[in-house]
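Visitor: Read off the chains here:
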Amino acid sequence: MKNGPIFLLGLFVSAVVAWSAMVLGAHAQLGGLTPWFDEAEGLSHPARPTGLAARGQLVYADLGCAACHTQQVRRPDFGSDKARGWGDRQSVARDYIFQERPQLGASRVGPDLANLGARKPQPPSSETLMGLLYAGTERHPAYPFLFENRRIEGEPSLRALKLSGVSAPPSGFEVVPSERAQSLVAYLLNLSSEYDFPEAKPLVRTPANQEAKK
Amino acid sequence: MISSPTQLASPSGDATDRGARGPLLVAIGCSIVWLVISGVLSLVSAIQLHSPSFLAACEWLTHGRTKALAETSFVYGWAGGAGIAAVVWILGRLGGNPLRAMNWYGAGSIFWNLAILAGLAGIATGDMTSFSLLQLPRYVQPLMVFASASMGIAGLLAWSGRRRDGTFAAHWYGIAALVLFPWALTAAQISLLWFPLRGVLQSVGAAWYFDAVVFLWIAPLALACAYYLTAKLGGRTLPSYEAAPLSFWILIVTATWSAGRHLIGGPVPAWLPTMAVVGLSMLLYHFTVIALNLRPALSLSGPVGGTLKFGVLAYLLYGVVAFVTSFRGVALRTQFTHFSSASDLLFLYCAASMVLFAALYFLVPQVTGRDWSSAGLTSAHVTGVRLGAALAVVALAWAGISQGGMLLEPKAGFADIAVGVRTPLLLNTAAQLILLGSNLLLLVNFLRSSFTCCQASAEGSAT
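So the protein sequences, as listed, match chains A and B. Numbers 2 to 215, taken from our numbering, label the letters of the first sequence in order. Numbers 1122 to 1584, taken from our numbering, label the letters of the second sequence in order.
Chain B on its own, in the form it takes in the complex (with noise of 0.2 Å):
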């Protein structure tokens, strides 16, 4: 049963994370597993970029399906799953009480991690729903929502149960990311897969849910940690706080009104496009309240400080990148190209997935009450998903320009677009072996570093 706050002992560090520290392992470990294996299909998905007869045969990896794999798999598995426990745990810290309802939480992943499964098995047999983010089969979905609601319930006790009053930047984006997720899922699986809507309405209600997952849900998971681990490294108050809440207030109200940023020029009302422009120029506010706020990130290094600096820097950048290819002159060239794959990765990996790697390094070793087990895998990993990742990102900008301007040139053809793009698309698939090699690192430096924690505590309850 959730027992209230006061009946707790009183909560000293270790305490605090004791009763948490098996469903956030767990929980932890699953989603670094499933980045292993979206970094194998991502690699999978970029060699089939160049070379499409890679793996033709095989049913379950053909190019489609692998690419829906890969992001299915990133997106749920891994930045959902870590960054709800990172956002559990944050709020458990900021709250100041033992974290309740972790039987519920733990429950919540297992199921989240067995619908996950489920899904990508879905997926390679043919069940996938080809809207992009929301490949997971139907049958899939309602589980999905109840595992991410019953994970989210130890976050909102441990806001409402909080000794002070007063709330931080991190719980609302916390609580935010926490809560706009199940209605944003059940919302779009409700208008999009039970009672579809009627033609390219489907794909109006998709961008809307492809928005929703960025802006409400991805997006907030990494500021709440962003937020905590600034304040709690920069050691001083955040600079212009005082525009935190309305940077916050304008990310939840206008960010999914940019949802038509992916249906320009096509067969929508003309207003979404328009309206898309409108809600992302209101977003640079938050963006700009964002580098004020975090300006104390940006002189920070370690491997918690440096991955932290380069998510907020990534997160800024996309925020440009967003704005400025909303309008209708540039979307003439980077749209339908790999250009607006690369945007994602810059806000996927180098953004979101950055500042979770910052969060892990930083709890870990509250969790576990020990450091990570090797520094060298650590500093390792650090620099090799960075470059991965920058990496990546600059070689499908390349592609994406020089594929775009090919396609607005009729004589163009589809053979001379292969011959231009394949240099890029080599680079793209070396900097995808980076990242898959440096996240193996992480993976066996969590495994070593939770399997002797367990160990010890084995011993430490055997004695």
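The shape of chain A in the complex, shown without the other chains (with noise of 0.2 Å):
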């Protein structure tokens, strides 16, 4: 290798290639998709989010929240993802399309939240979602910076947060969400992936239809 012209150029040939072969790889595979319109229901899934969700992804990349939780649900029979009730189905690209941001993630300290506005029975309300991030648990930090400890001018404001016990205000105070957490909460509560795209349906080989291929 006392050649520096080629030595250089192996490197560069050899880094290209397995960026483009990975990257422009995936991205010819998937970067075409399309949400997929369903004629019986009249809609195009995944619906595009709404502006203060859209904005509340930020505020969710801001923060790192994905330093513990993730949002990609695995294949029912790849873990306990369907047995916990975090999706009956696998996340496919399809569902992140419309994201500026896509959050993954890569540790489970905490659940999954590709589908925490679909929880079955019913989703968290908003209300749980600000009293969690106003005041945290023991497992959960809590992000009192994104709310306004505030004296009540008049009326108290229709956004003030119903709080009981320690985290409770003093009187004549309020504590009211910022705009940060209000987007922030419409973005968990828009997180969901409930519909079934034709790829993310499992391929269940059964007899029969093997016979059919033949």
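Don't read these hints as lab results, they were simulated from the structure. Honestly, I wouldn't trust all of these hints.
What the hints assert, rightly or not - Below, simulated PhoX-like cross-link-like pairs (lysine-lysine); rule was C-alpha separation at most 20 Å, straight line:
id : chain 1 : residue 1 : chain 2 : residue 2
1  : A       : K121      : B       : K1353
2  : A       : K83       : A       : K163
3  : A       : K83       : B       : K1532
4  : A       : K83       : A       : K121
Grab the two chains, each in its own frame, and use the hints to assemble them into the complex.
Guide: Here you go:
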């Protein structure tokens, strides 16, 4: 490897080949994904998130929530995601096409949130999420800086949190969620990938359709 | 201007380093300061893992950001800064000529540290990108590319202006690290931040960049130091050295194909995790040749030899762990748990940083012209950092395995998982405390030895 230019060219080619094969190869497969239009419902899926929810994703990214939460449901037979009620089907690339910065995450210190807005029997209400964000629990950190603790002038604000116990504000004061808290909660409650895309249905090889293939 | 090698005086031992002393010591000093800062941040992040209310009211140190701050200051500030300094010095020594373009290196290293400082301020105030190992905000990244490229110029010139025609393994790995990092960072930031890919393709690009930093930057930096030190301290030619070129090219060509190991079971094409198993199984040849080549390092001792031996063994262990955890059956349990942060720590701390510590303990006396100021501080640091790193990896691996088992059990709620994982996480906090303490000793030791060296040269020039 005495010849400098050939050596540098080899480095460059191996880096470019690996990058383009992985990233551009996957791009060739998934880059042109379009939303799925369902004639029966007359709707196209996935729905584009509202402006507030889309901004909430950036708050989610800024606070680094992906350090403890994932947003990817695994196949029912690969892990316990379905048994834990995190999602009936595997997450597919089409679920993320309208997300500006998908937060797949890599650590499940906390539960998976891909279907938080579609939890059975019913999803958490925005009050419970606001309470969790403001006061936290002994397993979840609090984010008091997302809220404003201010004196009540005249009427208490409609958005004031109904808090009790140790985290309740002193009398004459109210805790009002900031715009970031509202967009974060709107984003969390908007997280749901309920629709069954064709590629999401597991390929079940029953003897019947093996016969058909022959 | 960059002077051609022939005009300079014949290189005697200290003349090689006289011109390079200032920039190298400043760069190494800054990287050790980043090591201590990242130690404080990872201690805070480790405490927040088992008691989330710690510093929760402080927006800058909320857990997500503390983890990103610790990871960024460690990888870019410490491993990048010290690694490039060590490799530039080694390339100068192997070239046999005094280091040229050290003004480029000095300016590049100052801008590198300023860019990291601005990037950490950006992360703390909410501009983090949420891609692991690429958390630095968008506005800082172009400066990082130019700073790392200008730091690499000194190494490239030492390589191209070398007096002997042949090249050594330390040459290949050193030049590969200096050249591949700016390319990888450019490709990553263009495809993720400036003209973002759509949807999950960002996760594919981020996984590729993660493996590019691990296998195309930090690993070659550490391997360049390991090959040089093993040959230098072992005192004889490296066994089965003829296999080294192929092992080098296998690392460069196939390592980043293993990026799919971060996306097993995810919403990405299934051939990506499968390619990761193929890539990592080909990398086993690379790790085998590293084991054969660096065998003499396993019989060394002392501050330099001891840390080098620990680093080489940890690097081989990381190769096996990465290969095994890329199988879907194993990943079912270790994915999304503390085990993956244990294997990252195994590579970043136990393997790469130990080799960089050995390189620093070897090269600082040669650059300053006198020994480290206190042998006691050196041995205390070396023992403490090996103990702390091993304890942290074992604690996180234990936490990961028990967490993985409980995650697979649908009836085990997150309250039970938190109870089951508490003890190893407390152990991890203790290990981070040991690491922070011993790295403070390294900082004190370095400041004293470089201070006495600058004082001596000030008197020398004054008389």
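Visitor: All hints, please: hold or fail.
Guide: So, going through the hints one by one against the coordinates:
For the proposed pair A:K121 and B:K1353, the alpha carbon gap of about 65 Å is over 20 Å, so the pair is violated. Taking the CA atoms of A:K83 and A:K163, the gap is about 33 Å. The hint is violated against a cut of 20 Å. For the suggested pair A:K83 and B:K1532, the alpha carbons sit about 12 Å apart, so the restraint of at most 20 Å is met. For the suggested pair A:K83 and A:K121, the alpha carbons sit about 12 Å apart, so the restraint of at most 20 Å is met.
Checked against the numbered hints listed earlier, the structure breaks hints 1 and 2; every other hint is satisfied.
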